[in-house]
Amino acid sequence: MNKVLRGCRIDREGCPFCRGHSFEQKTVIDDTLANTWELSQRERSWFDEREGHFCRTCHMSKRVRMLLWSLKKIFPEFNALHILHLNQTNGLSQALSGAASLIETTYLSDRELGAEIHGLSNQDMTRLTFGNSRFDLVVHSETLEHLHDYELALSEARRVLKPGGYQIYSIPLLHDRQTRRRIAWDADGKLIHLHPLSTHGLEEEYPVVWEFGGDFISNRTELIYEIHYDNYLKNKTVFTIVERKA
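Using our numbering, you'd call the opening residue of the sequence shown number 71 and step up by one each time.
Just so you know, the hints here were simulated from the structure itself, not pulled from any lab data.
You may find that some hints are simply not true.
Stated by the list, open to error - Label-pair ranges, simulated between beta-carbon atoms: (1) T106 with A170: 19 to 29 angstroms; (2) S179 with N149: 31 to 41 angstroms; (3) R228 with F93: 17 to 27 angstroms; (4) E182 with N105: 15 to 25 angstroms; (5) N301 with R247: 31 to 41 angstroms; (6) E108 with R290: 33 to 43 angstroms; (7) P233 with E94: 35 to 45 angstroms; (8) R228 with T176: 14 to 24 angstroms.
A virtual CB, placed ideally from N, CA and C, is assigned to each residue, including glycine.
Assemble the whole structure, with the sequences as input and the hints as a guide.
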């Protein structure tokens with residue numbers, strides 16, 4: 071790992087996207103998610119800030135502003151970049167629109183991989199249809215926890231990067247815990263719930279497969295280039311992981 075930035079203060083000069091200086095805090099972590107995740111009150115408040123602290127002007131959440139801050143730190147200009155934006159993070163598309171090329175994706179299991187769906191490329195992150203070494207930047211957010219083989223997904227993103235390219239992403243993670251699996255496959259290929267169902271978004275739309283802990287980072291130390299925190303001492307959940315392909 072090259073370095074860890076623990077005090078980026080992403081809103082110091084205003085929102086990284088629109089430069090607005092007015093923000094609002096909303097409660098977004100409901101009781102069901104807090105209970106299935108077994109969050110303490112402090113941890114719940116951290117994730118509420120991460121997901122519910124919005125810019126009043128552009129409505130970008132703190133998590134997405136953190137991601138955009140990291141993108142701009144690595145790439146001050148996007149106009150020469152070929153970017154793969156996996157699963158189209160809300161609010162980020164417009165910020166990336168000035169790239170030389172921008173492919174954004176969705177995933178519908180009943181549609182052909184690579185098909186265009188309302189302007190988005192249908193992609194399974196564990197088996198991308200793109201050739202090797204195609205993109206300067208791959209960006210994704212809050213996707214890995216919903217994938218059974220997240221390590222394969224990260225490897226696929228790495229595969230399609232050019233040498234020297236970057237994979238920049240965020241995941242929900244609690245440093246003081248160990249990674250826990252909530253859903254697995256049995257010997258017959260059927261899903262089994264190791265813990266009560268936990269979801270993000272609409273009920274059962276995005277079941278959580280993994281709850282990430284600090285071991286996620288320690289296991290990828292050789293691959294992680296930088297980690298950026300908004301304010302490590304105040305809220306350790308607002309951070310971005312940067313990986314660089316040699």
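Tested hints:
no., hint, in the structure
1, T106 with A170: 19 to 29 angstroms, "violated (42 angstroms)"
2, S179 with N149: 31 to 41 angstroms, "holds (35 angstroms)"
3, R228 with F93: 17 to 27 angstroms, "violated (34 angstroms)"
4, E182 with N105: 15 to 25 angstroms, "violated (39 angstroms)"
5, N301 with R247: 31 to 41 angstroms, "violated (20 angstroms)"
6, E108 with R290: 33 to 43 angstroms, "violated (24 angstroms)"
7, P233 with E94: 35 to 45 angstroms, "holds (42 angstroms)"
8, R228 with T176: 14 to 24 angstroms, "holds (21 angstroms)"
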